[in-house]
Amino acid sequence: MSSVMPEIRTQLRDAVFAAIDELNAQRPPHERLPKALDTALTGEHGPLDSLAFVNLIVALEQRLDAMFGTTMSLLDDERLDPTAGQFRTVQALIDYLETMRVPHANG
Amino acid sequence: MAEPTVRALVLADFNAANFAAHLTGDTAEPKIQVTVGPIGAVGADAFGSGEGAESAESPERDDRHDVAIVWMRAQAVSPALAALVDQGVAVLSEVMGDVDEFVARIERLRDRCSRVVVMTWGVPRLSAAFGALAMKEGVGLANVVMRMNLRLAERVDDLPGVVLLDASAWIDAEPTPEEAKLWYAAKIPFRNDVFRRAARQVKSVLRASRGQARKVILLDLDDTLWGGLVGEVGWRGLRLGGHDPAGEAYVDFQRTLVALSHRGLLLGVVSKNDEAVALDAIASHPEMVLGVPQLSGWRINWDDKAANIVALTEELNVGLEAVVFIDDSASERARVREALPDVFVPDWPSSPMRYVDALLGLDCFDTVALTGEDRARSALYAAERARAADRGIAESVGAWLERLELRVEVEEYNDRNGPRAVQLLNKTNQMNLSTRRLDAAELGGWLGAGRRKLWTFRVRDRFGDAGLTGLASLEVEGTRAVLVDFVLSCRVFGRKVEEAMLHVVTESALESGASEFVATLMPTSKNAPCLRFLERSGLRRDEDDAHRFRFDLVTAYPRPREIELLREMAPIS
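Chains A and B are the protein sequences, given in the same order.
Residue 214, in my numbering, is where the first sequence stops; the numbers in between run on with no holes.
Residue 796, in my numbering, is where the second sequence stops; the numbers in between run on with no holes.
Treat the hints with caution; some may be incorrect.
Said to hold, decoys possible - Covered stretches of chain B (in silico footprint by chain A; criterion: 3 or more residues with CB under 8 Å from a CB of chain A, positions within the stretch not fixed):
1) 240-250
2) 409-423
3) 565-572
Claimed, not checked - Here are the computed lysine-lysine pairs in the DSBU-like style, where the Cα-Cα straight-line distance is at most 30 Å:
4) B:749 x B:650
5) B:749 x B:719
6) B:254 x B:410
7) B:254 x B:650
8) A:142 x B:410
9) B:749 x A:142
10) A:142 x B:254
As the list claims (entries may be wrong) - Partial list, derived from the structure: chain A residues whose beta carbon lies under 7 Å from chain B:
11) 133
12) 158
13) 165
14) 179
15) 182
In short, the hints are calculated from the structure, not lab data.
Note that beta-carbon positions come from the ideal geometry of N, C-alpha and C, so glycine has one too.
The task is simple: from the sequences and hints, build the whole structure.
See the structure below:
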């Protein structure tokens, strides 16, 4: 684990929170997602339907593209399954992004 | 008081869930409750097959929706356009035929749901494949779509109740408006920023159709209309025009303001300066675009700006809720916001090079119809200043009215005066008996049922034409004539035009066989001037209803001798 990893985790968290902001702009106040690591996203009792999930992931890809300058293709993965563990919470999503070897400014 | 929620039916050929979410989620008034119709359905089929649905050609109105919002993409409307993509050739007459068919469906939709908002067509992304041929006649996709838009604009121009919005204003504002992944994954063609802008303009149009758009822009001078303090540097030292980026930006800002004034917005100045110095700068600086003739009024002194705004709006006879105040000074903005919460005081950029963007982004000046009165409004206020000066030298009000040489032209409601009459009905608050708000289709429907008639009143005097400034409508039930609308612009209050209008409607009531004339005021927070007029009009007040007034139709209400009446009327049948 390099010394830049905590910085990347912070950037990934910021990207996810920014995507949540964009998603929340379309949702009534009582359905808005809290920007917290333990916020549930999908799964049996998750708050996101399939359309909201697509909106979140597309917004997230746009943020990651802008942040790292390299296209991140989450939605293109044939195995993309909204109910899978990596999308259940904000924390799980950040962990998943980290495993995708997100490129970063420091190389 | 909060506005009632608008019930909107959204019809699109794509997944409109994101657009619907922005319409619902936008916090500006009015609140919108959205139903998304079947994908691709426009016309009577848009109302679905559920409970309450009518047959496809049923003319019956749909009471479940206040407005239909139609956003179809060009290729979904025109099979002939699709042939251009698939086969490389478009038969233009067939494409135009498809547009005409689309308009016919819009018209049927309008018959069901009295107000329809239609978006123009953006040029499909595929146009890039046409390269240098994109604009070639009969071959280029961009060329054909632009022609479709022009045809659409021509066809809906005279359709009451239909508003065409230029979607390119939102699509072109985004560097990458289309998001391929949203399209392939969810059949959503645009990014959310496009839908956000679209939702804001739809709301602006809905406010405008109910007469809630802002009508007046009051402006600071120093570092707002020009750069620098005129009191210190003199007009020759101001940054305005010339080979100076900021100077050019101030000129463009003024030019944009003047363009808005041609749509009927009033412009005024509220500035802390010496009046003579400031007016000399306005008149003398060769780069000023905004001159005294474009200004409806000003308060240039060292007094509190909030107090000056109140005084100026009283002079202009407009409410504070109609005013936008623009000032580069954050402290002045904060002061006005605190003192006058009804006045809209937008945040303002520090760089003059952002002023035009800030002004055009305000979304509060929309108008759904442009009348002659709108175009000439600044001139009307200039005439009013001359009139007020003349009143100052007249020996009495009566003598002044005689000198005005007032002439009132009365016309029945028709296609020519209809747009202005509807605008007046929806904008006027103070001299308004019932304050009912109807669009053209609703008003036409009301007039078509029963023994009803509506007249318009155009007022002129020796200083100029005040335009179509009054309307009145009457409903005759047996021997009783009921005054339903009685509306007069505050610009012509107090010149006995009110009395002339009563004369006209009572005379018509007499001719239709009525023996009693009744006017019932529906009180609002703003129409006390109408009540005060009725109280001093000579009409008899009901003992059991302080807002109802009666007149026995033995003769018509007396015509004011100072007014010449020109009439074109038929009895109520």
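Hint check:
With 6 residues having a Cβ less than 8 Å from any Cβ of chain A, the region 240-250 of chain B passes the three-residue criterion, so the hint holds. Beta-carbon proximity to chain A at under 8 Å applies to 3 residues in the region 409-423 of chain B; the threshold of 3 is reached and the given coverage holds. Check result for the region 565-572 of chain B against chain A: violated, 0 residues qualifying (beta carbon to beta carbon below 8 Å, three or more required). The suggested pairing of residue 749 of chain B with residue 650 of chain B holds, with an alpha-carbon distance near 12 Å, which does not exceed 30 Å.
Restraint check: the Cα-Cα separation between residue 749 of chain B and residue 719 of chain B comes to about 21 Å, which is no more than 30 Å; the hinted pair holds. Taking the CA atoms of residue 254 of chain B and residue 410 of chain B, the gap is near 26 Å; set against the 30 Å cutoff, the hint holds. Distance check on the hinted pair: residue 254 of chain B and residue 650 of chain B sit about 20 Å apart at the alpha-carbon level, within 30 Å; holds. Annotation: proposed proximity of residue 142 of chain A to residue 410 of chain B holds, straight-line Cα distance about 28 Å (limit 30 Å).
Distance hint between residue 749 of chain B and residue 142 of chain A is unfulfilled; the C-alpha atoms sit about 45 Å from each other, more than 30 Å. This hinted pair checks out: residue 142 of chain A and residue 254 of chain B have alpha carbons roughly 26 Å apart, not beyond 30 Å. At about 4 Å, the closest approach between the beta carbon of residue 133 of chain A and any beta carbon in chain B falls short of 7 Å, and the interface hint on this residue holds. With its C-beta approaching chain B no nearer than about 6 Å, residue 158 of chain A sits inside the 7 Å limit, and its interface hint holds.
A cut of 7 Å between beta carbons decides the hint on residue 165 of chain A: the least distance to chain B is about 5 Å, and the hint holds. Hint status for residue 179 of chain A: violated, given a least beta-carbon distance of 11 Å to chain B, over 7 Å. The interface hint given for residue 182 of chain A holds, since its Cβ lies 5 Å from the closest Cβ of chain B, which is under the 7 Å cut-off.
The structure does not agree with the numbered hints 3, 9 and 14 stated previously, though it agrees with the rest.
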